[in-house]
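Generate the whole structure from the sequences, applying the supplied hints.
Protein chains: 6
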Amino acid sequence: MKVKVSRKAHFNAAHRLYVKDWDEATNQEVFGKCNNPHYHGHNYELVVSVLGDIDKETGYVMDMKTLKDLIKAEIEDAFDHKNLNLQVPEFANLIPTAENIAVVIWDKLRPHIEEDKKLEVILYETPRNFVTYTGP
Amino acid sequence: MKVKVSRKAHFNAAHRLYVKDWDEATNQEVFGKCNNPHYHGHNYELVVSVLGDIDKETGYVMDMKTLKDLIKAEIEDAFDHKNLNLQVPEFANLIPTAENIAVVIWDKLRPHIEEDKKLEVILYETPRNFVTYTGP
Amino acid sequence: MKVKVSRKAHFNAAHRLYVKDWDEATNQEVFGKCNNPHYHGHNYELVVSVLGDIDKETGYVMDMKTLKDLIKAEIEDAFDHKNLNLQVPEFANLIPTAENIAVVIWDKLRPHIEEDKKLEVILYETPRNFVTYTGP
Amino acid sequence: MKVKVSRKAHFNAAHRLYVKDWDEATNQEVFGKCNNPHYHGHNYELVVSVLGDIDKETGYVMDMKTLKDLIKAEIEDAFDHKNLNLQVPEFANLIPTAENIAVVIWDKLRPHIEEDKKLEVILYETPRNFVTYTGP
Amino acid sequence: MKVKVSRKAHFNAAHRLYVKDWDEATNQEVFGKCNNPHYHGHNYELVVSVLGDIDKETGYVMDMKTLKDLIKAEIEDAFDHKNLNLQVPEFANLIPTAENIAVVIWDKLRPHIEEDKKLEVILYETPRNFVTYTGP
Amino acid sequence: MKVKVSRKAHFNAAHRLYVKDWDEATNQEVFGKCNNPHYHGHNYELVVSVLGDIDKETGYVMDMKTLKDLIKAEIEDAFDHKNLNLQVPEFANLIPTAENIAVVIWDKLRPHIEEDKKLEVILYETPRNFVTYTGP
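Residue numbers (the working numbering), protein chains in the order written: chain D, 1 to 136; chain E, 1 to 136; chain P, 1 to 136; chain G, 1 to 136; chain A, 1 to 136; chain L, 1 to 136.
Hints were generated in silico from the structure; no laboratory data involved. None of these values were measured; they are calculated from a predicted model. Some hints could be false.
For identical chains, the list gives no copy identity; a pair is met inside one copy or between any two copies.
Here are the simulated lysine-lysine pairs, DSBU-like style, with alpha carbons at most 30 Å apart [as the list claims (entries may be wrong)]:
| no. | residue 1 | residue 2 |
| --- | --- | --- |
| 1 | K108 | K65 |
| 2 | K20 | K68 |
| 3 | K33 | K68 |
| 4 | K20 | K108 |
| 5 | K33 | K2 |
| 6 | K33 | K4 |
See below:
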């Protein structure tokens, strides 16, 4: 009996969307307001889900407390109140779009989830824009 | 790396559920209050999702601004503050249930989404009733 | 010790905003899309609050179940799945704007609330537009 | 054209997480605060979804009113304002974790859904913790 | 320039509503399902607000971090995952209705808020039932 | 009959909390993570309310469309996707705490609201932190 367990978390961060190799006019055309060189920011809402078998004894797929602590250690402590472009190494050469942030979060969490379980990441950049990544 | 990007939108509309070929008693039995001949209405909340590969250069699956504009042009401008039965041609001979509205929205958006990407439509008729359509 | 107790409810309805004595051009200028002669509609969310002293014995200001039943009998049964202009007598000669609907709801509930208690009505026409009325 | 229709419901209940065969220290280590012998409780939010073909005539996959009544009869009447461990027979020998509650809900609803339709249950234990079960 | 700053928090608890001096029939008549002798429970959502002058230097009425820590120490640590009737001393002889819980929370927080500031407590027992208390 | 009409809006921005005249250690002690010199950011949710008499003819206190346009022109266009410290003149010498931002928004909107009407601003910095300002 496979069940998906999900835990919500959140972090606040600043970012800027632009391609270093492009000139300013092209960046402005593609990224518009998100290309502001002084940065803007978001309250990112995160939903991390793990799909696996229910443990017969505990009734858990995964202890939600463990999942909560893992998200805090790997994601919140690394991203919260940070400038993603300048202070999070994964984005030194990767545009911090919602899509790319979701992939980075998935890659950071995957090694900590048991191999036979599946992992899904949903990231809300705003209450109206969000992305979902379930792995390669 | 396939990611699903989602955008929320909304429109307000009036509708009535009834089958023209049925007598009033049958319509009342099947559709109850929704068969009110003077219409009733809803704030429809819409979530449109597109699944595809992240563009290596822009970090986007699809520019959310483009998706937002597409939903406005194709759906909001056509449905918002309208009587679905009387003023939206797709429902001239189709009951505007949440299920059928979702299919109509999907059909209207599909030609505007790149062929190698998948499209999903979620439509909330009320905060407690909603439907999901991912294509035929 | 005065405490305010609040109960949420909801109803779906169709309406049209226009002044019968005005010509069509003026109605269109003032009410825009809301003047659609074929009606449009909303999921109205309602919050009814009663402020009063806590009953020492029961610990209640007012039994929430009683308040819930009152809202159902007086408001939901009268407004839900209705065309406000055509089927709710209070709006035969009163434009069903959110402001006026809130006042009508307050007036309908007030006689059923104990005299020494205060009544407040909040009405959401959409998740982004709402009104509050606390009496004359 | 397969569409998934979803209906939200809710119930409030008390529960305790512990394994009868374990000693107190082990229960405390595994379940922490959830092992409180005097119980604690939650507002459970439930989303039940049914996936199937749209009926050509009615435009419905399943009448939402029927689904609402089914959830009330099978789940809300059995679980609401109850102590899950002591008053719901399914948990006499099954720990009422969110995972197990979701499976029990699915098992109780499945016989009432037409065989060619699929059933999904999402259960929120808190706004930040939830589980999804789609069957064995 | 007086500004009201608000912080949301939450706790989960079990409770039972009944008057010890009443017989079972009267308790059942007044409190219905809430009188379940085996308890039921809720996810309580709490909004604590402090009204006061903005500090010219820091731009704060009160550091939200301080308010968050205060709510945790005084309320969450005392109430979370507890049986309010049996494990929270304030309710040994006081029915834990939402009204009374809000008053108890206000009384516990008031001594920790500067005297010239006002305190408000909003407590959601469910998403549809909530109470507000601003002091005697 | 005075009614309060409310309109929600939102903007995304980056900011940093620090006092220019303080040394780094003091800023860090008072503002903690919010003192990040590379900025962080938020999705600010804004609720603007106007209290006044209902116009007998239109049924409006104030046309919500007018209020929406006013918020866009005065607040969203000035703050959205901006760095509040560097790009919004009002914060050149004022710390952009939620409290101060709410006061600045109130001051910018007040001249555009009719004199006999009252104005209220609620600003959510995160879903758990928000402030309310009703004027001096």
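Hint check results:
Taking CA atoms no more than 30 Å apart as the test, K108 paired with K65 passes in both settings, with 18 Å inside one copy and 28 Å between copies. Proximity of K20 to K68 under the C-alpha cut-off of 30 Å is restricted to the inter-copy arrangement: shortest distance 26 Å between copies versus 35 Å within a copy. Taking the shortest alpha-carbon separations for K33 and K68, only the inter-copy value of 15 Å comes in at or below 30 Å, while the best intra-copy value is 34 Å. Taking identical chains as interchangeable, the C-alpha atoms of K20 and K108 lie at most 30 Å apart only when both belong to the same chain, with a minimum of 25 Å there against 37 Å between chains.
Taking the closest pair of Cα atoms, K33 and K2 come within 30 Å of each other only across two copies (26 Å); inside a single copy the shortest separation is 43 Å, beyond that limit. Only between protomers do K33 and K4 lie at most 30 Å apart by alpha-carbon distance; the minimum there is 23 Å, versus 37 Å within a single protomer.
Consistency with the previously given hints is maintained throughout, with no hint failing.
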